[in-house]
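Trainee: One-letter residues, chain by chain:
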Amino acid sequence: DVKVTQSSRYLVKRTGEKVFLECVQDMDHENMFWYRQDPGLGLRLIYFSYDVKMKEKGDIPEGYSVSREKKERFSLILESASTNQTSMYLCASSRLQGEGTGELFFGEGSRLTVL
Amino acid sequence: GESVGLHLPTLSVQEGDNSIINCAYSNSASDYFIWYKQESGKGPQFIIDIRSNMDKRQGQRVTVLLNKTVKHLSLQIAATQPGDSAVYFCAENIWGGADGLTFGKGTHLIIQP
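Chains F and S supply the protein sequences, listed in that same order. 94 is the number that the numbering used here gives to position 94 of the first sequence; each next residue is one higher, with no gaps. 168 is the number that the numbering used here gives to position 53 of the second sequence; each next residue is one higher, with no gaps.
No wet-lab data here; the hints were simulated from the structure. Among the hints, a few may not be true.
Simulated crosslink set (DSS-like; lysine-lysine; CA at most 30 Å straight-line) [said to hold, decoys possible]: (1) LYS57(F) with LYS220(S); (2) LYS3(F) with LYS157(S); (3) LYS157(S) with LYS53(F); (4) LYS53(F) with LYS3(F); (5) LYS183(S) with LYS3(F); (6) LYS18(F) with LYS3(F); (7) LYS157(S) with LYS13(F); (8) LYS57(F) with LYS157(S); (9) LYS57(F) with LYS171(S); (10) LYS220(S) with LYS55(F); (11) LYS55(F) with LYS171(S).
Put together the whole structure using the sequences plus the hints.
Mentor: Given below as C-alpha cells:
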C-alpha cells in the first residue's frame, strides 16, 4: 500500500512557538504538497515541491516555510505560530508531471491548535 | 476566486437511496477531474477520476458525469450506505499536471437511517 505519513496527528502549541510538521512518503514521488483545511474554505495550497531542495509558493504561503532535504520528506515550518494558524494540515504527494495522472495521495492530517 | 466549487455544503439522504453531489468549475483549460472522500479524522481518499475526453465513468457503486458545455461535474453514489457518510470534494487539474489540484469546498453527505 502506498503511504504518506505525517508525524503528528495532534499538536497543541503556544503563540510564538516554532512548529515543525513532518511528512514522509514511500512512493518515490517527485512532488510533495502542504495544504491546510478549514471549515467552509476547503483545502488551500500552502507550498509544494518538485524536487529535493526546490519549493514553490502556493496560494497562502504567508507565515510558513518548507524544507525538502530528501526526496521522501517534506517539512512545513511555522516560524512563529499564531492563533490563526490553528487548522488541519494535510501533506500529499504525486508523480512527476507527465508521468502520472496528477492524482494526489494524502496523509491522515495533522491537527494543530495554537493557544 | 476559486475555480472549482460545489453547489451544496450539506446533503442528507436516506440509507439505500442514490446520492448526487454536484460540482461546478470555471477553468476551461482543466481536463482532469477527481472526486475525493474524506471521512472524519482522516485525509482525503481517491474515489474516481475522469478525463475531459469522457462524459461518464463508472466505478463500484459510483459514477462520475462530466458536462464540459456547462462546466459541471457530478458524483452519483448508488444505494447509499452508512459508510458513505463523509465530506466529498471535487478537484481539477490539467492532465498530468504536477502543481497540485484545485479543490472545491466540499459537500458533507449525511446518511439518514
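Trainee: Take the hints in turn and mark each one as holding or not.
Mentor: Cross-check of the supplied hints:
1. LYS57(F) with LYS220(S): The given pair, whose Cα atoms are some 21 Å apart, holds under the 30 Å limit.
2. LYS3(F) with LYS157(S): This hinted pair holds, its Cα atoms lying about 13 Å apart.
3. LYS157(S) with LYS53(F): Holds: LYS157(S) and LYS53(F) sit about 29 Å apart, inside 30 Å.
4. LYS53(F) with LYS3(F): The hint holds at about 22 Å.
5. LYS183(S) with LYS3(F): violated (33 Å)
6. LYS18(F) with LYS3(F): This hinted pair holds, its Cα atoms lying about 27 Å apart.
7. LYS157(S) with LYS13(F): Measuring from Cα to Cα gives roughly 21 Å; hence the hint holds.
8. LYS57(F) with LYS157(S): Since the Cα atoms of LYS57(F) and LYS157(S) sit roughly 25 Å apart, the hinted pair holds (cutoff 30 Å).
9. LYS57(F) with LYS171(S): violated (34 Å)
10. LYS220(S) with LYS55(F): Distance of about 25 Å is within 30 Å: holds.
11. LYS55(F) with LYS171(S): violated (36 Å)
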